[in-house]
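Chain by chain, the residues run as shown.
Protein chains: 2
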Amino acid sequence: MNEIKGRASLIYENPPRILAAASIVGKKEGDGPLGHLFDRIETDPKFGKDTWEEAESELQLQTAKKAMEKCGMSEEQIRYLFAGDLLAQGIATSYGILELQIPLFGLYGACSTCGESLSLASMAINAGYADCAMALTSSHFASAEKEFRFPLEYAGQRPLSTTWTVTGAGAFILASSESVTAKDASVCVAGITTGKVVDYGVKDSMHMGAAMAPAAADTIYQHLMDMGRSVEDYDRIITGDLGSIGQTILKELMGKKGIELKEAHEDCGMLIYDAGTQDTHAGGSGCGCAATTLAAYILPKLERGEWKRVLLVPTGALLSKVSFNEGQSIPGIAHGVVLEHCK
Amino acid sequence: MNEIKGRASLIYENPPRILAAASIVGKKEGDGPLGHLFDRIETDPKFGKDTWEEAESELQLQTAKKAMEKCGMSEEQIRYLFAGDLLAQGIATSYGILELQIPLFGLYGACSTCGESLSLASMAINAGYADCAMALTSSHFASAEKEFRFPLEYAGQRPLSTTWTVTGAGAFILASSESVTAKDASVCVAGITTGKVVDYGVKDSMHMGAAMAPAAADTIYQHLMDMGRSVEDYDRIITGDLGSIGQTILKELMGKKGIELKEAHEDCGMLIYDAGTQDTHAGGSGCGCAATTLAAYILPKLERGEWKRVLLVPTGALLSKVSFNEGQSIPGIAHGVVLEHCK
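Chains as they are written, first to last, in our numbering: chain S, 1 to 343; chain X, 344 to 686.
Simulated from the structure, these hints should not be mistaken for lab results.
Keep in mind it's a predicted model, so treat the numbers as computed, not measured.
The beta-carbon is built from N, C-alpha and C at its ideal position, and this holds for glycine as well.
Heads up, none of these hints are tricks.
Calculated cross-link-like contacts (lysine-lysine; reagent style DSBU-like; alpha-carbon spacing at most 30 Å):
#1 S/65 to X/546
#2 S/146 to X/664
#3 X/392 to S/146
#4 S/257 to S/203
#5 X/644 to X/348
#6 X/389 to X/370
#7 S/146 to X/546
#8 S/301 to S/5
#9 S/46 to X/546
Which residues of chain S face chain X? A partial, calculated answer using Cβ under 10 Å:
#10 3
#11 4
#12 10
#13 50
#14 53
#15 86
#16 95
#17 97
#18 101
#19 124
#20 143
#21 199
Using the sequences plus the hints, can you model the full thing?
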């Protein structure tokens, strides 16, 4: 058994199955093209709480519970939780998942956290460290604007290169292929490619797609080289939240490496909103963007066998308001996850 | 093979070896009781950079390089980096390790990150996902004060319950027990116990020991139950940064569960400074506290066989300035790592 492929990839001997996935989003996401696919659309942006941060914690908790409900599992049956969010010190997660009392690995991968959490959860299960683990991520438009940009009250104009942070959380329960609970699951995590920090010197925090596209290109290229595969081996290669401008840059960067993504490429940030009517400019972003699109749109297509193999590449921009104000560039990171139909 | 023990613990079949450990600290830590043990004491608190955040990034990078130098390894030989720090969005790590170009799993476990990173790195190696991986964490007094409390210029009085954030970074290179490079290594990670978020409702951010002690008690108790062991099975049980008041609370909480820690307990926060002469009040804290004490003081004792088995329990307080200002309590988390002499 050698599961190691090339510099940064693994192919699992016993690909963990995705038992259940849940997505809860806000009103704007509910109004978008995927609106009919989410598990719940919450019209109260505060989720019944007093602050934006508590709202995001509540969103994360409810999504975790929804995923457990879908596969009839209790907290005690889930051995590890791999979770994170965009806020400073990951407070949406820490306060959100407190009542679950599941051993936690707290993560920070910016908007790539969905990929990072699925990577680590699948590594743990394939290794036999757990029968069952949960990957969980969230973002909230208002808490993210407050964290990274202006308070909403400031009402600053948004340049056309900006993306709109998704209010949404995605929860994924993974189980060993050998566990009885996994017998009906039809999608597995077949392997992963772990991203490096990539910095092309972009300094415009209103242009995240440009900051993250080089990291996405790096991970996709590394993945194809490590695996000895081509774009044609995938039904789709789906990035997290590059948006429309980031997509153009990604395709150009891949073209320079001799790889044409063409119609195989989709981006969760472009799928989740209708930029033409929803005023979201370049697209959606945030940890919740890839997570909810995966749960509501990508996984069902894999479950039905419409797609056989997808490379999901959630992308993260590794800035903070401090690093931005100190004039630093915005490095990116992207984590690749191979999802396969397995019935 | 069943490596799973109880609710939250693993015992590895092939315990990964610690090939090399490095520690770099600031002047105050160099003046403390462990001063003669660190690899380097840097008297320039800015580490040659312009900002506190860049200083911490540089500290982390230099420490990573020091660890690689000690075991004669290059970046290309290290398959994964598990790293994190205390700053919002983990910027000390993202900018610090950029030039290494090692696939990264970014973590946030507050001051427990040293335990979290060693846990995940050892899980990856024991599973055969990597021959070699690095666990890396840092903290910096000035960047942490700026992040969590007052700007230093404010010169606020510090209550006696406060701890002093360690300026320091620790890097650990772990390798498979089967790799040739590991043949001379004499300390292994024998197992882990993964912590849950524990909240006793403490709201005083100047009293971190009280906020974290319940999490430490929870993890230590869980560990002993999972493993079927008692305190006497360990030469030491060493928490990360509870400080002197936190130690008292920990011993009381453990006593209520019928477990007497007595002399077996030490705390990195109490080891790293001389509270009597260094004006550090309850002790040291920060990701760098457990990491540098482990590298400079704990591992050498295990290497020499003075200690045969230590349970290291880095402790983290999961607050942010936003959660604090919004009146939230401060939950804690603690990750246990079993370190054994293995010659």
